[in-house]
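Here are the chains, one letter per residue:
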Amino acid sequence: MRPRQDLYPGYDVLAKRESPSWNAKTRAVLDERLAIGPETHRFFDEAEWPTMKAIATRIVPQPADRTTPVPVAALVDHKLAIGEHDGYRDAAMPDEREAWRQGLRALDAEARARFGSRFHQLGAWAQDQLLRLAEAGGLMDPAWQGMPSKLFFKHRILGDVVKAYYAHPTAWNEIGWGGPASPRGYVRMDFDRRDPWEAAEAKPGREDEAYAENLRVGD
Amino acid sequence: MPTLPDRAPCPPERRHGGPGTILKRRVAPVPVEAAVHPVVVLAAVAAGAGLLTWFAAGRSKRLGPAPSEGRRYAPRGSAVTASAAQRLNHASSMLAASVLFDSGLEHYRGQFFNRAMYTPVIVSSVTLASSLHGAGDTDPGSSQVRHAAQALAGLTGLIGFCFHAYNVGKREGGYSLQNLFYAAPIGAPMALTLAGLLGLAAERVRDADPDKPRLGGWPAGRMLALATAGMLVGTTLEAGLLHFRGAFQNPAMLVPVTLPPLAAALLVRAAGQPEGASQVGAKWGMWAVSSMGVGGVAFHAYGVARMMGGWDNWRQNLIDGPPLPAPPSFSGVALGGLAALELIERRRFRL
Amino acid sequence: MRIPGLGNAADNPKHGTPGDDPEHHPRARDGRAPNVMRIGDWVPMRQHRDEDEVDFAIVGTGAGGGTLACRLAEYGFSVVAFDAGPYFRPLEDFASDESHQSKLYWTDERIVDGENPLQMGSNNSGKAVGGSTVHYAMVALRFRPDWFKARTLMGYGADWPIDWREMWHYYDQVEDDLKISGPVTYPWGPHRRRYHRRAHEMNAAAKVLARGAEAMGIYWTPTPLATLSAPRGDAPPCVYRGFCTLGCSTNAKQSVLVTYLPRALKAGAEIRDLAMVGRIETRNARATGVHYHREGRWRFQRARNVVVAGYAIETPRLLLMSATPEFPDGLANSSGLVGRNLTVQGNQAVWGVFDEEIRSYKGPPSLAISEHWNYDDKGSGPFAKDFFGGYSYMSQGPLPQLWASTQASAHGLWGEALVAEMQRYNHVAGLKVVSEYMPQERNRVTLSDVKDRYGLPVARITYSWCDNDKALNRHALKFLRQALEAAGGREVWDQGDDTCHLNGTARMGDDPSTSVVDADCRSWDIPNLWVCDGSVFPTVGGVNPSLTIQAVALRTADRIFATRRP
Chain A
1 MRPRQDLYPG YDVLAKRESP SWNAKTRAVL DERLAIGPET HRFFDEAEWP
51 TMKAIATRIV PQPADRTTPV PVAALVDHKL AIGEHDGYRD AAMPDEREAW
101 RQGLRALDAE ARARFGSRFH QLGAWAQDQL LRLAEAGGLM DPAWQGMPSK
151 LFFKHRILGD VVKAYYAHPT AWNEIGWGGP ASPRGYVRMD FDRRDPWEAA
201 EAKPGREDEA YAENLRVGD
Chain B
220 MPTLPDRAPC PPERRHGGPG TILKRRVAPV PVEAAVHPVV VLAAVAAGAG
270 LLTWFAAGRS KRLGPAPSEG RRYAPRGSAV TASAAQRLNH ASSMLAASVL
320 FDSGLEHYRG QFFNRAMYTP VIVSSVTLAS SLHGAGDTDP GSSQVRHAAQ
370 ALAGLTGLIG FCFHAYNVGK REGGYSLQNL FYAAPIGAPM ALTLAGLLGL
420 AAERVRDADP DKPRLGGWPA GRMLALATAG MLVGTTLEAG LLHFRGAFQN
470 PAMLVPVTLP PLAAALLVRA AGQPEGASQV GAKWGMWAVS SMGVGGVAFH
520 AYGVARMMGG WDNWRQNLID GPPLPAPPSF SGVALGGLAA LELIERRRFR
570 L
Chain C
571 MRIPGLGNAA DNPKHGTPGD DPEHHPRARD GRAPNVMRIG DWVPMRQHRD
621 EDEVDFAIVG TGAGGGTLAC RLAEYGFSVV AFDAGPYFRP LEDFASDESH
671 QSKLYWTDER IVDGENPLQM GSNNSGKAVG GSTVHYAMVA LRFRPDWFKA
721 RTLMGYGADW PIDWREMWHY YDQVEDDLKI SGPVTYPWGP HRRRYHRRAH
771 EMNAAAKVLA RGAEAMGIYW TPTPLATLSA PRGDAPPCVY RGFCTLGCST
821 NAKQSVLVTY LPRALKAGAE IRDLAMVGRI ETRNARATGV HYHREGRWRF
871 QRARNVVVAG YAIETPRLLL MSATPEFPDG LANSSGLVGR NLTVQGNQAV
921 WGVFDEEIRS YKGPPSLAIS EHWNYDDKGS GPFAKDFFGG YSYMSQGPLP
971 QLWASTQASA HGLWGEALVA EMQRYNHVAG LKVVSEYMPQ ERNRVTLSDV
1021 KDRYGLPVAR ITYSWCDNDK ALNRHALKFL RQALEAAGGR EVWDQGDDTC
1071 HLNGTARMGD DPSTSVVDAD CRSWDIPNLW VCDGSVFPTV GGVNPSLTIQ
1121 AVALRTADRI FATRRP
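Protein chains in written order, with the numbering used here: chain A, 1 to 219; chain B, 220 to 570; chain C, 571 to 1136.
FYI, nobody ran anything at the bench for these hints, they're computed from the structure.
All the given hints hold, so there is nothing to weed out.
In silico BS3-like pairs for lysine-lysine, Cα to Cα no more than 30 Å straight-line:
hint, chain 1, residue 1, chain 2, residue 2
1, B, Lys389, A, Lys203
2, C, Lys948, C, Lys1048
3, C, Lys673, A, Lys150
Cβ-Cβ distance ranges computed for the label pairs, FRET-style:
hint, chain 1, residue 1, chain 2, residue 2, range
4, C, Lys955, B, Phe332, 36 to 44 Å
5, A, Asp31, C, Pro757, 44 to 52 Å
6, C, Trp868, A, Trp125, 50 to 58 Å
7, C, Pro757, A, Trp125, 50 to 58 Å
8, A, Glu39, C, Ala987, 21 to 29 Å
9, C, Pro952, B, Val260, 49 to 57 Å
10, C, Asp591, A, Thr40, 21 to 29 Å
11, A, Glu84, B, Thr477, 52 to 60 Å
12, C, Thr755, B, Pro493, 44 to 52 Å
13, B, Ile378, C, Asp925, 27 to 35 Å
14, C, His595, A, Met140, 44 to 52 Å
15, A, Met140, C, Asp1037, 29 to 37 Å
Every residue gets a Cβ at the ideal spot worked out from N, C-alpha and C, and that includes glycine.
Take the sequences, apply the hints, and build the full model.
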């Protein structure tokens, strides 16, 4: 597996906030999202919250030295609190909100049954072990109330957590995406071309150049 | 392992080498310090090359009012050739300026991916300086420096054409309309060749026998008239291709594909008429094409405004929108046509 | 620097966001509707009272309903078109943000099951005035002529009751109305008129497709797209921002919202946004109007004719929900086929990593296409065809959320593996098919016991692939993989489970016992009830359906006008 790297050093998509790449609506939407703090939760109760946070940490791990980590659990909470739906659910699944409550309860029950403590108290290895079992559909505790753990993992955990992380500008910086683009779009679309307002990728040994270019994306 | 970028940009670890460390930018096409934008460097180089050319071409000797108070040295014939030469230099200046800004813009879009993409910017700057110099030179008699500069332009344009043709052909789909639309514009470098040719013609006309000016063994006026007619047709083809890409969405886009061929036909007709015949119609045609070229800039500016974000989004729209510097190349060629008509009429004229 | 009344209105990014909330308060009321081409602006709208008997009540304003509403109004009929979704002004309401723009999707609850349950929501369902065309990928392709006689000529599915030459005429018309940007010559099928705008410049992802196709020895072409490559009136050309499937905030996209609906309003049609139709009223085997929910209460609009255009889930749902003692199985359902033959299209993909930077987020997602396998019925060697139907394939440009979801759900990555793989986002290119699945009666839409927020039964959507579908998937993935590798892709992997588009749940035909509507989209059972959307497709072909839906809508309008009672 390739290690995670600092591929776009110095790139900050928020530097483009005042540039023609962002329109008023985009600024308003992103301001609202960035105002969500890491502990903001309205949907999850106090018992569910630590479990949710632990899951988010395992699904989209973040570097330990990141000063302001993406509030992944809070973003998932926000989605559920405002009642945003996918628009469909498998016949074997309850609706989104109920599925999350049941699933978190069930994961905790599985953790207690197998390792003797709650999910968020387990080490990373044990947590991954449980998540892998859920992924394979191998968790059958009565606490699941008939909901297949496989579908819970696929639709709720992967679906909601991954989307929450990649809805955040910090994640965009990490992958070098251009970010919001309206009214200004892009000009240079050929192989190996980038507009001056796009992230520059650090080529090995030439990180400084990318860094200097990336400081200018908001010009 | 380096850390991940946070929301606030912070330099990679290993750059904390101490305060005042200068960032070397090796990604830039030319190695320059981060403080100076490569485009600024290019502009400075181009301007410098232009200035050098200007001074190298020497001081122009003006036939001012003072000498004309006494004996007139310049007979009528040489006044016509000098005037026609100046007009040819106007034409060449216009084309060179068009190429300077157009190639600058388009190659900036292409991020000077190939170092050769600097060439037309610098060469057209040299050509522009040389043509402007000639335009201010009322002295019948050529300049070797200018002559060389114009020849260089003519050659550069041809090489550019080959480069562009190669670029189109190697794209997916080869010589398809799609690539003619969006790959390196195949006809664009020829504008530099035209600038060079008209500039060369200017020098030759200066040297020619004032009473019977000839170019390449042919009567200069007729020769030039036919040549500029051909140039007009070529420029029309280029405009036609790009306006077809724009689907002629504005009826005004039809003007550059209809008016210039008509004017070219008038030039051909003039070439067939005896020397000294009045060419009022053809001259009107040339002036019409000239003003169309200038007016085209305004239309293109309006086109930029119609793009998403308009002029506020100029960094995209100046490049993606209709090219502002392109239409004056028509004016350049048309001015060349006027010079030809002047030679055919054997008469100076002023607007 | 805009010349007033001449340029586009989108050139001022400094305008604030609007004060009103189109998602909760209807905009089309008080004699006016939003001017979608201007920020904060309005156009006059003719309005009808509920008790007025209008000529046509149209349920849905997407590719089918919106197009039809426009033409019927232009023919002089009185028209009220209902849409459950909001009436957006793209310039002011659309953010460049994947999460936020999910407001364009039909996210009301639906239940999926079967062996291959469908993904709904963002994948294929729109809920906004303009319907799914507000977030479609703008791929504007014509059917292959033979598909209109699939049963007779090719031995599968069912015949359409419409001749392809007639369709060709309507394709011409809709391509003109949408000013499709396409290649100067199209490599497949019979002659067609030149597209009205030139094809767009191709991004690197599209060039990957071109390289692959050239290596495989098949034709490719820049995709005909319903987004402008040169200005049109108030609409600027595309700026290649890449958010097409999340709503075009520049109006370069020629969705129904910015093309047919402004025309419809001008011609006197009324559009009611945030108006959910829950029931069609019938008396004496004739439709008499529609019950709809708007501004917090149920209302009833009288109408001489009712057109259902809610796309292949909501259309059968509404017909089934409108059951009466006279029509106990739902309206127009004497054949028992309402809700059956739900036919989606395969949307499998292959993805690979490239040495070059691709950055496929720039430009419309599908800038290049090959329809080779729609027109080659035999194939050869490892790619001999052992199935019915065909497929086209296109380049792709997923944005980060979609790409991460794909990596997670289809590639099975999470944890460090996911975040590391996501860092190769700018080096990824993929090829995605739109393939022809077979109509099967077991694939269907029914009503579940679950109720939605209006108290209406939620649709249950059952889907399973047949052996032919699976054989097609295998062929497509095998071919695409080879094409992508030939183009320089490494570590190629298959995304095998995706589907797209919804068709077939109220199919048209010549025989009342085997179809729901006739060639004019008029229901066999109820003469003043019509269906006009993808539901009427007997077969789906291997191309995106929107252009065909719109062509059928144009034809339906002409037929309605031609057969009207004086």
